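Now for the letters of each chain:
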Amino acid sequence: MTDAAVHAVNPDPDARVRLSGRQICKSFGPAQVLFDVSIDLRAGEVHALLGENGAGKSTLVKILSGYHQPTSGDLTLDQAPVTFEDSEVAENHGVILIHQELNLAEQLTVEENIFLGREIKRGWFLDKAAMRLESKKLLDQLQCDVDPRARIKDLAVSDRQMVEIAKALSKNADILILDEPTAVLTGREVDILFDQIKRLREQGVAILYISHKLDEIKAIADRVTVLRDGHLITTEPVAEVEKDDMARLMVGRDIKQMFPDREPVEAHDVAMSVRDVSVEGQVRDASFDLRRGEVLGFAGIVGAGRTALMEAIIGLRDRTSGDIARNGKIVPINSLQDAKKCGIAYLTKDRKGSGLLLNMDMRPNLTLLALEKFGTFIIDRKAEEAALAKAIEAFDIRAADPKTKVGDFSGGNQQKLLLAKVMETDPEVVIIDEPTRGIDIGTKSQIYHFIGDLTKRGKSVILLSSEMPEMLGLSDRIAVMAAGRITGILEGNDRNEHEIMRHATGISGKQGVSVHE
Amino acid sequence: MSSLERTEASTSSGFNIDFKALGPFLALVGLFVLGTVINDAFLSGGNLSNIFTRAAFIGIIAVGATFVITAGGIDLSVGSMAAFISGAMIVVMNTLVETLGAGVETVLIGILVSVLLGIAAGAVNGLVSTKGKIEAFIVTLGTMGIYRSLVTYMADGGTLSLDFGVRGVYRPVYYGDVLGIPVPVLVFFAVAVVGYVLLNMTPFGRKCFAIGSNEQVARYSAIHVDRVKTLTYVIQGLCVSVATIIYVPRLGSASSSTGVLWELEAIAAVIIGGTMLKGGYGRIWGTVVGAIMLTTIGNILNLTDAISNYLNGAVQGLIIIVAVFLQRGDWRRKKSK
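Residue numbers (our numbering), protein chains in the order written: chain A, 29 to 545; chain B, -15 to 321.
Hints are computed from structural coordinates only; laboratory data are not their basis.
Hints may be right or wrong, so weigh each one.
Unchecked claim - Below are the DSBU-like pairs computed for lysine-lysine, each with C-alpha atoms no more than 30 angstroms apart in a straight line:
#1 A/Lys380 - A/Lys357
#2 A/Lys181 - A/Lys357
#3 B/Lys117 - A/Lys380
#4 A/Lys369 - A/Lys357
#5 A/Lys199 - B/Lys262
#6 A/Lys149 - A/Lys199
#7 B/Lys115 - A/Lys156
#8 B/Lys115 - A/Lys149
#9 A/Lys181 - A/Lys149
#10 B/Lys262 - A/Lys377
#11 A/Lys380 - A/Lys431
#12 A/Lys181 - B/Lys115
#13 A/Lys418 - B/Lys117
In this text the structure is predicted, and so the values were computed from the model without any measurement.
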C-alpha cells in the first residue's frame, strides 16, 4: 500500500500510471470483440469504464486481469511491459478483478474465504488465530464490522462485497477492478461501497470501476472511458462530461424519449383491488386499487415490505389476512397457479435465479409458464416455434442462433425473454419487480416502451423499482411503503422524489392505509 | 471464470451435441464388434436374445430412474423395492393358491398387487422427500433399508419360493416370445417408448426438465413442483413393479439377496446414456443403450478367458467412469485461459 501511496502523490498524471493496455484487440474465433482499445489506470484514481451490454467491457477487464490474453496489443505495469499468463500472475502483481458474480464459498466463514488457498499455517496445522486477527485488521481498515467468524451465506450482499475487497487487499492488491459492483446492491449499500472506494483511492489504489449507471460514475469516478461495440469512444475527466453526453456516447445516438407517453386512466375502472393484506412480520393491512391501464409504482426502502406484499398477492407467500379482488369480485389466491388463473402475472427481479432456465434455449423458457396452452397431453412443437417467432419479433429479442442457451444471453435479452414468457399467459395484471436491473440504457428504454404498450392494450402494471428515474418516469401513481404499511399513494404533482422520501422514511402519512381513500 | 468456460463450451457445442447423442450408440456398436471378434457365438440369436432379456430388468428400472434423475432427484431404493415387491407377490400368490388354485387369476392378482405396491412405494419416497423436505438421497437410503429388511422378514431370513403350479402358469411371461422376440424385451421396448413420449413430448416431461435444471424457476413458473417430483418417484415405482413382474417367473423365488445393487446398475445405465446426474437433462434412448451396454460387458466377459468373469464389476465401473469423462466433452480441449 505504501508503494501505491507514493505513486498517488506524484503530481504528474503520466507518472502515476500503474497499469495500462495499448492497442488491445481481442477476437473469439471469428468474432472480434475489441478493436485497438487503450486505457490507463492511475494510482489514487477511480477510472470508470462505461458501455452498453456487449460493448466489450468485461472482455477488456479480463485481459487487464489475466483471465484472457489479448489477440494483439500489450500491457504495461509501471511503464514496463508485462504479460499476465493467468489471473494468478496478475494477482501476484497486485492486479485483482472482483467479479460481478461474487466468488465466495458460501458455507465457509469470512476469514476462511479471505485466506482461501493461502491459509496461514503453523507447522502442518492452520493458524486460525493469526488468520482471524489478520481478517479483523483488514475489515477494520475497510470500516466494515462483519465478524470474521460469520458464514458468508448469512451476510448481506454488500458485506460480501466488502469481504471480496478485504480478500483482494490481503493479497496486497493496489490495482483493483470492480465489475459492476452495485448491480446487486441497494441504495444504502451503494453509499457504503462508495465510501470504501474513496478511502482506497486516498490510499493510492488504482481503481477501475465498470458500470453503466451514469449517476454512479458521476458520483465516484475521476475519469471515464466509454466503449461502444468494442471500440474506444473517448476517455475524459468525468467533471467535463454531462450525463446526457455520456449516454449519447455510450449508445451512439440520442435517446429521444426514454419513457413512453402516459395517458390518463379512468379512476373508477379498477382492475384489481387489494384490501387489508397482512403478512406475518412483513406487511400490515395493505390496501390499494390498481386501475385498468395504469402503471402503479411501489416505492420504499429495502425491507419496507414491497416484495412481501407482492408475493402475498400472487400466492407465493401466506397472508395472515386480507382479500384480493379482480374486476370487483373477490378471488381466492393461495398459490401462483391461482394467481395465473386470475390473470395476474409476476415478473421476478431475479431473472437468473428464478426467472429463466439458463441451461436451455429460448423455446422451453418462453412456454414454461403457459405450457397448458401448447397441448394437454402432447406439446405442440410447431405452436411453440410460432410463439417464439412472434415473441422474438414483438420484444426484439436478439439472438443470433435460437439454439443458444439463455444463460449466454446478455442481461437485456434475458429480460426481454422473461417479459415475453410472462406475457404468454396473457395476464391482465402484471407485477414487475426491477425490470431493468443490470441492463444498458438503450434496452432499458425499449423495455419502458414495452411496458407502456401493455397499458395501452388495457393491461395494468405494478412496478417495483429501486431506481428513482424509472419510478418517476413510468408510474402514473406511486404507492410508498414504510415498515410494512402503505404510507401514501402519490398522484399528480405529489409524484416527486421529495414526497416519496418523506413517505418512505415515515415522516408523513404514518396512519398509512387510509391515506388514499 | 464461469463466463469464460461458457463461451468456450458454446463455440464447440456443434460437435459436442452430436457426440453426446451418438456416443452411447457408438460405444455399444464398439462393444458388439469386440464381442464378435472375441467369440463367434456372440452374434448368435440365442446369445443376443439372452443379452436383451437380461438388460430388460435393469433397463425398465432405469427408464424410471431417468425421470427421477432428470427432475433432480435420486432413488437408491429400487433394488430393495424390487426384492420387497417380488417377495410380496410370491406370498400373495402362494396364499391364493389355497382358495383360487394355481390359475391365471392368481397370477393376475399377484401382478395387481405388484403394481399397487410399486405405486405406493414410489409415492412414499416422493411424498416423504417433497412434503417432509428431506433430501431424496437420505429418504431413499432409508427406504432402501426398510424394503430390504421387509423382504428378509417375510422370507424369515431364507428364501420365498413360488408355488410350483403357479410357476407353470406364470412361466411364459419370462420365457415366452412373440414372433421370436422374448416377452421381457417387448415389455422393455414398450416401457421405453412410453417413457420417451412422456419425457420428451408432454408438458409433464418438460416440467421434469425444468425442475431438474432450476427448481426455483419452475416454482415461479407456476409448476406444482412437489406434485411433479412425487410423480417421478411413482413412475419409478411403477417401473420397478413392471421389472419385478417379469423377474418373478424367471427364478420363482425371492430372498434378501434379490435385486442387490440394482439401484447402482440402474443409475449407471442412466448416466452412461447421457442423462445429467444433477438433473435438467434426460435421455430415454441413452438409458436403454446404457442398460444394454452394461449387460453386454458381462456377456462378453463370459465368452472370453482373457479377463476373469469375477472382474465384471471392475470393467463396468471403468466403463461408467470413461463414459462420463467422454460425455463431458472437454477432453479434446487443451486447458486454456
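Hints, one by one, checked against the model:
no.	hint	result
1	A/Lys380 - A/Lys357	35 angstroms, violated
2	A/Lys181 - A/Lys357	43 angstroms, violated
3	B/Lys117 - A/Lys380	24 angstroms, holds
4	A/Lys369 - A/Lys357	14 angstroms, holds
5	A/Lys199 - B/Lys262	35 angstroms, violated
6	A/Lys149 - A/Lys199	16 angstroms, holds
7	B/Lys115 - A/Lys156	41 angstroms, violated
8	B/Lys115 - A/Lys149	45 angstroms, violated
9	A/Lys181 - A/Lys149	25 angstroms, holds
10	B/Lys262 - A/Lys377	25 angstroms, holds
11	A/Lys380 - A/Lys431	18 angstroms, holds
12	A/Lys181 - B/Lys115	25 angstroms, holds
13	A/Lys418 - B/Lys117	40 angstroms, violated
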